[in-house]
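Asker: Protein chains in written order, with the working numbering: chain D, 1 to 303; chain F, 1 to 261; chain P, 1 to 344.
Simulated from the structure, these hints should not be mistaken for lab results. A portion of the hints provided could be inaccurate.
Residues on chain F that point at chain D, a partial pick, calculated with CB under 10 Å [what the hints assert, rightly or not]:
hint	residue
1	59
2	108
3	111
4	114
5	226
All of these numbers come straight from a predicted model, not from anything done at the bench. Quick reminder that beta carbons are idealized off the backbone N, C-alpha and C, glycines included.
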Amino acid sequence: MTMQIADSVSLPSTDARARAHAVAARDSLRTEPPAIRIAIIAMAVIFLSVFVVLPLVLVFAQAFSRGVLAYFSALAEPEALAAIKLTLIVAAISVGLNLVFGLVAAWAIAKFEFSGKTFLITLIDLPFSVSPVISGLVFVLLFGAQGYFGSWLRDHDIQILFAVPGIALATTFVTFPFVARALIPLMQEQGTQEEEAAISLGASGLQTFFRVTLPNIKWGVLYGVLLCNARAMGEFGAVSVVSGHIRGETNTMPLLVEILYNEYQFVAAFAIASLLAMLALITLIAKTVLERHLDEGHDASDH
Amino acid sequence: MGLTLSWLSIIILIPLAGLFLKSLELSPEQFWNILSSRRTLNALRVSFGLAFAAACVNLVMGSIIVWALVRYRFPGRRLFDAIVDVPFALPTAVAGVALTALFAETGWLGAPLAALGIKVAFTPIGIFVAMIFIGIPFVVRTVQPVLQDLDPEIEEAAGSLGASRWQTIIRVILPSLGPALLTGLALAFARAVGEYGSVIFIAGNLPNVSEIAPLLIVIRLSEFRYADATAIAVVMLVVSFVIIFAVNRLQRWAQSRIPAR
Amino acid sequence: MTIEVRNLVKQFGSFKALDGVDLKVDNGELLALLGPSGSGKTTLLRIIAGLDWPDSGEVSFNGEDALAQGARERNVGFVFQHYALFRHMTVFENVAFGLRVQPRASRKDEPTIRARVKELLDLVQLDWLADRYPSQLSGGQRQRIALARALAIEPRILLLDEPFGALDAKVRKELRRWLRSLHQEINVTSIFVTHDQEEALEVANRVVVMDKGRIEQIGSPDDVYESPATAFVHGFIGESIELPVQVEGGVIRLGDRPLNLAVDGLVSGASKLFVRRHDMLVGPPGSGAFEGAVQHVRNFGPVQRAEVALSGGETIEIDAPRDRELRAGDTIGLKPRRYRIFAG
């Protein structure tokens, strides 16, 4: 405080305005004038609020619009319970499959050099950029009545389409990239030195995997599983094409939301939707926590 | 290794190969007739046109959001940073019904907009809105890390060479973000083109007006017109391939400009 | 252009980066700011450039208040440690940048800009790289392009932050010589920051030695080497032997042992005795001020470096000419040809 006073007293008054100008000049080197700053923040906040926060709030508002009782009785409907059960089963199957093969795929890509690697990476990414409807369509073409395996399946009395296997397959297809994508950069960064050290110390391949590789990537695995699960439970387009919409049998939660909504049962539709929204929020929170873990691991390996 | 490849083949390659095989059953003439039918053309036009428009909005708004999140400190910044991922995490059907209820004529936003004479739900504008919703994270999450890692010294260098703040942004910062911006645009576009769940509720699904290509595939399937469905799918798939390829090239090109330290 | 800095103070949190710095730089000088990391040298350079601002104090160029201007009005060329080249622009466009962003009224036309950039690329001898991108250049080439870019705006002052810090030893030596001759050619008042004493002593006309936000000494390279003003400068520049001594009534003691050395000046109490390694003369035992046993000897060209355990308990390293071979186990006497004692 005293310094400031002394400073301003010692300044010739003609310099005062020049200095005020300099304060503005100093701030402008790496940032913008306050008015523009406020405008940009306001635009970002308003845009996100309107397009993201509001729909999310609306889901819960609609779900509880007839009170807590209506909400829970909607969820207790046998149809709802069947959908929840089916969703959990399908998610468990596809997450399990993708966990195993995501690990193997990431391991192959990160730790070995082979021709066609870029092609393989592109292939892994493919389900991300293909329309979910097309993902469903390919399974109809394979296993449908007119499909390549359709008649063979009918002869052997195996039901894939419009049944749980079809839903699980389609879900596995669309969620395929998550685990592999989470692990590839992590494993590439860690390189092969630790594994080589373990093997040189006499560890077997499996021992090396479980004692060296896996502990190093455990947060990455969890991260991949988390995102894979969220997408598996929420998948709509692909599942919609292969499920056949048999009530109480092949309706997953997202499909039930559609049916209830189209039947104007808004409270019930939004009640199921609110469960899925909750899943999304929990996933995001867990993801934020995990990202912190992954960053820490990253920093630790830097030093 | 063999396991990986066989798994990939089973889960990804065989289904896709099936799709192309199916399309080969069509003669070029049949293929062309399906694609050039008015309804198909309009569905593709709606999907591609609106997806591109939405991706452009996302490019602009995404850049603004990234700038606010990276460069400024404001209350709730971390919360809004997390919120960006909601469209990615929220199941598309949930997003679909929520957006529809929000923009319906009786909805929280639909009612005031209707008073202004703007109808959003059940029109192409509704499709546009849903596509904007699902595209936000793609631009933000591709550009954000690049802006974060941008060397502060290049801005100081531009300033000390006499560039105004505006010149620094236009001539130095934006070009540095260029590859990331284009990648984000392409990803948002690819996602919006193929999007189904969050769009069909709000779209209105009027043939030739507000019917998207993925919905037309579903309709053709339910009519057992597999050939029609396949032809449309092949066109969309080829576009996806081209986009992925372009994005990969773009990334590699951007990588090559990063000086090795 | 003369630069004058008065009583500059800058604090980052609780860390005092600059603690009352006064400095005058004459027109056409090539000045080195030398000090360990955290000594405030880069902060001082950035304040002069307008990239940072002091908490208090004044900076003037030719007597004009420089703090009244932002970085972009000061017309100062700044070369960053990591070059900060614009990676999306070719070498040519990098150098042209400062000319292209000038206000429309004073902006030169395209042929003039092209000619000027060509001239600058010739000056740094890299005209053949005009169409390359920065990522295609070596470190030394990037450094020279960064310099050409800074010179394009015809700066009144040229500031360089650790200009050779990121380069390998051989390139560094070449560029040092080159920078000195370039400075003679363009004769712009220049300041560069370095933590490398050899670099400062070899390139600069004058050296400013800094430590902990303060200036320890300003002088010619010979001055700071031959007559260091403070204990810090003596320790930081050149290879020094540092011994803790007691000074009482004109007698210097190392431990209990009085040393046969004269004390000049007003030092008394606990002090530090500094001797350059090559200023320790070797003689027979009992002949000098110190006595000790040789532990190790290694040869470096014309000198032998010996580790000597003094009888006071300290171990020092000396550089002796090779006319008299030392061997491990020898007991020798040591006499400093020149020495300095600083309080503390």
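Asker: Compare the structure with each hint and give your call.
Answerer: How the hints compare with the structure:
no.: 1; hint: 59; verdict: violated (13 Å)
no.: 2; hint: 108; verdict: holds (7 Å)
no.: 3; hint: 111; verdict: violated (13 Å)
no.: 4; hint: 114; verdict: violated (16 Å)
no.: 5; hint: 226; verdict: holds (6 Å)
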